[in-house]
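K.L.:
In case you want the letters, here they are:
4 protein chains.
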Amino acid sequence: MAALLRGSRCLVGKCHNHVNAVQVSIRSMASKTQVGFIGLGNMGNPMAKNLIKHGYPVMVSDVFPESCKELQELGAQILDSPADVADKADRIITMLPSSPNVIDVYTGPNGILKKVKKGSLLIDSSTIDPAVSKEMAVATEKLGAVFMDAPVSGGVGAATSGKLTFMVGGLEEEFNAAKELLSCMGANVVYCGQVGTGQAAKICNNMLLAIGMIGTAETMNLGIRLGLDPKLLAKILNMSSGRCWSSDTYNPVPGVMEGVPAANNYQGGFGTTLMAKDLGLAQNTATNTKTPVPLGSLAHQIYRMMCARGYASKDFSSVFQFLREEEGQ
Amino acid sequence: MAALLRGSRCLVGKCHNHVNAVQVSIRSMASKTQVGFIGLGNMGNPMAKNLIKHGYPVMVSDVFPESCKELQELGAQILDSPADVADKADRIITMLPSSPNVIDVYTGPNGILKKVKKGSLLIDSSTIDPAVSKEMAVATEKLGAVFMDAPVSGGVGAATSGKLTFMVGGLEEEFNAAKELLSCMGANVVYCGQVGTGQAAKICNNMLLAIGMIGTAETMNLGIRLGLDPKLLAKILNMSSGRCWSSDTYNPVPGVMEGVPAANNYQGGFGTTLMAKDLGLAQNTATNTKTPVPLGSLAHQIYRMMCARGYASKDFSSVFQFLREEEGQ
Amino acid sequence: MAALLRGSRCLVGKCHNHVNAVQVSIRSMASKTQVGFIGLGNMGNPMAKNLIKHGYPVMVSDVFPESCKELQELGAQILDSPADVADKADRIITMLPSSPNVIDVYTGPNGILKKVKKGSLLIDSSTIDPAVSKEMAVATEKLGAVFMDAPVSGGVGAATSGKLTFMVGGLEEEFNAAKELLSCMGANVVYCGQVGTGQAAKICNNMLLAIGMIGTAETMNLGIRLGLDPKLLAKILNMSSGRCWSSDTYNPVPGVMEGVPAANNYQGGFGTTLMAKDLGLAQNTATNTKTPVPLGSLAHQIYRMMCARGYASKDFSSVFQFLREEEGQ
Amino acid sequence: MAALLRGSRCLVGKCHNHVNAVQVSIRSMASKTQVGFIGLGNMGNPMAKNLIKHGYPVMVSDVFPESCKELQELGAQILDSPADVADKADRIITMLPSSPNVIDVYTGPNGILKKVKKGSLLIDSSTIDPAVSKEMAVATEKLGAVFMDAPVSGGVGAATSGKLTFMVGGLEEEFNAAKELLSCMGANVVYCGQVGTGQAAKICNNMLLAIGMIGTAETMNLGIRLGLDPKLLAKILNMSSGRCWSSDTYNPVPGVMEGVPAANNYQGGFGTTLMAKDLGLAQNTATNTKTPVPLGSLAHQIYRMMCARGYASKDFSSVFQFLREEEGQ
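Chains as they are written, first to last, in the UniProt record's numbering: chain A, 1 to 329; chain B, 1 to 329; chain C, 1 to 329; chain D, 1 to 329.
Isolated chain A (complex conformation) (with noise of 0.2 Å):
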């Protein structure tokens, strides 16, 4: 399928100006022509590698040249900007650190929209604040060509093995073509609804997952503080009521489970950090649309007080660590 057809209804719902006029992509779906794929971090390396192990010629481009010299090695062709990108490749995956490395790679001076082509697909996978999917998904469909959001859940592990789940927000008809990409990377790819509901279900996941972790280490704390043994709690919690994945897969207490971070000095896995700007994300889109998330919004002040007092880099459910009596205390 060659040409598509769009604008015949409007990207965001606020749109009262229908543009009827009939777009040709020049994209084509079903061959493996160019990718172009921008931000080679932690994240995007792997994921676009996945890309070049299915087959496909990508071409990429970062701010830091030397993110891209493996991707090169495996055949990658490597390109200046991310306007570069878009004047070759008419399917561009992006993933960066923020909204506004993600304003500037898309509008900036050497921006995708500098030269993207008419029906070009652009898919963002980083993690955003939704309102600014949408802006982007504005610009990019005034200049006649497809923006998505496709955040990510699973870390480094899932990108290296092409599992991670992609939560994709943008037109309903557009979908395939993105998953067809989107399978490469992931074992999972969701459909979520209009531009900035991918963005909107990953903040949503990482709030409950936030919640939850904290809640556990609460409680795993207290029930050891009341004589419980540690194993036998988490097995009574993932029997009842109080299961939870934080209880059952991602234990934070030491020696409950093996493989994950609490039985390795918290190391590897989400960072604080990380989750902390996630529930950031979550307090602009609760604030703005004016939804009282009182826990949420507990859960990211707390991450921001361990953030100020040390566990930055540390695994996020090194907060029963946070929690519990210092030694010598």
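It should be emphasised that the hints constitute simulated quantities derived from the structure, not laboratory data. It is possible that part of the hints are untrue.
[Claimed, not checked] Using C-beta positions, here's what the derived DEER-type ranges look like:
1) A:Thr249 <-> C:Gly310: 38 to 44 Å
2) C:Glu180 <-> D:Thr249: 34 to 40 Å
3) B:Gly255 <-> C:Lys53: 54 to 60 Å
Yeah, the Cβ is synthetic: ideal placement off N, Cα and C, and Gly gets one too.
Could you slot chains B, C and D onto chain A? The hints should help.
P.N.:
Positioned in the frame of chain A, the structure of chains B, C and D alone reads:
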């Protein structure tokens, strides 16, 4: 086994004066002799019925004699006071609303301990402060009898169908005797450790449950405001790290699941006022042990606010409704 | 002083390209030339009147032209747009509801910056995100004019009587020029530092105010439940270390003080929805600067819950009522 | 006045059996007869000294006899137990660390009530749960004596200089007798109502103090991060609605004020662990009376976390330091 050696170790750690005398139990563990049951409320009533169904001769007592009628028709013997029950039965189960009731039923002027026989087994299934359980155990031990705490998880439905979970604290060598009786009323009987640890496990579970429920309600509300379909959001959470019992088994959003209180205007289930009571116990034990429980504490306060605003008798998942905008706002 | 040197230093730290040209101000600080006023809501209306009372010729503009009528009768000239005001006046005060309005009035298609004259002094008295104030300052500075943020404390009453407090951020050498105007409308004009610090001071004060008010409401409610007379408790707090503005000047308990919203069914005063807005700003700035504000954050959430439960337009001291048991419970 | 009528009303609301007998007090209010003082810790020691300074013959007792030496040198008589003190003095003041100590000193095997004389006046200045004060009052009343709770505000300095504030609960007709003694040790003696209300007032004040202190610390920290000078910010808060005792009298930011713990590395003052204890009492009374105290509860948790992280013995204003970024982060 008709005789039990007891007294060679103390029930509670702080006991320094070991009673070294050998005590002979008059209770007959293997045979189906009289079992006393005190407290025939919403939970105690179906529990006692299940004992009768399993062939035990049951003698009952309640401050409200009319509560006993139904049991009487099923063959139970009604007695005037806990003391009278203790005089005739050497295995007694109590199921009472709160700590003061337990103190009164055990140590009051007509309490069990007034006439308890040496070697008797007293099992308290009330949910109370573990410190009170320990006090009752010390007082019981002084009279040569055994006290165990065995609070339940599961509501009236589980009590009726005999599917409760019992969390049992007390002497390990008495656990089998307790389990024989409790198995008639529950599907799971878990040994938790010394006296009070049954309560500890119950309180810990319910604290984490409360945190998970409010967290799920906040998250679902935020996601809906951000444009996500609630069923889809629940599905995403349940396949991700946000998963918890409140999201996958007891979702608080009307329309997401069948057969939960949220599907029935938050009627039935576990009342907000009962959850607030359990969180008060958690708070007390945390304060007494100087354990920080920031989310557990805030969850307590939120359920307190809900009680003040008319939600006392609704299921505790109605926190979703409490956090949402009222109609007309 | 008719001429002002400017450009020798940058307004905001990130400016790397100093504009070294000497700019000549056309505004005449000492004489009473035209002053523009944009935003004639509940606060802006009495503020503009006070400028007229002090002899300034005033030209006004508002998105709702009918808001201008009263000012017109007092001699003010009505103009169609902020751009028109900027074309004719070299001192302009803006008083707008929120950040997006400020962005539009300054940088929109008919905004002030479309026609601002070099050397003009633009004072924004809206309460907004300090980051937006900084953006406006940068944009204004590029055009050779001066921007200062000067949010107010004090409500409609203080605006009417000219007793507002202005917290002013911007170039120190421009402070006197701003003070000349602001003194017509306020009793205190405080210089806070660089651009954005006026907003910072306002936001900080209101966050601490919100915390103190909820704290006072909780404390008074607890004391009453414990048997204390509310007037006596307030007296004790006010002579002790619990003393705060909310306990000694604006007590939230009906019957304790005269002349406060609590004495009038929480009508008038400072609406809960406005407090929630200011706490949202505090939350945003705290998130952006990675500052933990656990109580400020929880205060925000409590006011959000109150808005959801029908308290949006009541004075923010109605949190006392929100926390109390409803009648009939 | 040598004779006191008593028994015509009950001490605690729930008493239904009035003791109508006229009781004759043997204590001599006007003259300076023996006064007992039990508990000679950091606070009790200077308090007892002030009684001696005012000419009272004092007899003292403490579980650590060496605590009594200094008093002995000043002329106080040392006795072995609280019972001995009660045998010889008909006015007794107690100053003890916590509820269990009070229970022991009053109702223990060598407690005051073992030998208390009819008509004696027992004043407890400890800070404890008001429910315990009520229990002590009931037990004391049964023996024909009078119990009042009279906790203090002010630290060791105020105790030494005789400038404490006493908050007194008990029979109003006994207040003057209590005031006569307490005035030797304090500048303010405030009658609060029935037994327990002295404790209630103390607990309420300290809860609001804790909230105000954490709120001030958060606010000052946020303001500094936003570019405000801390002295200036404190000045602005103190002339505005954010004003509170923690901002204007005990500011937690080093450099803002002289003579406060913040100016001395948070040494001296009121220890975090003591504040956590008082907040635990506030939490207990709130839970028992089903009163929502969301900020008070979170303040409690924050001080608990601080105790766990090494702040136990620092002044409670060190929460400012706890919330700030550690050096090197």
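K.L.:
Assuming the hint says 38 to 44 Å, is it satisfied by the Cβ distance from Thr249 of chain A to Gly310 of chain C or not?
P.N.:
Roughly 41 Å apart at Cβ, these two residues keep to the hinted range, so it holds.
K.L.:
If I claimed the Cβ atoms of Gly255 of chain B and Lys53 of chain C lie 54 to 60 Å apart, would that claim hold in this structure?
P.N.:
Hint holds: Cβ distance 59 Å, inside 54 to 60 Å.
K.L.:
Okay, Glu180 of chain C versus Thr249 of chain D on CB: inside 34 to 40 Å?
P.N.:
Since the Cβ atoms of Glu180 of chain C and Thr249 of chain D sit about 35 Å apart, the hinted range of 34 to 40 Å holds.
Going through the hint list in order, the structure satisfies each hint without exception.
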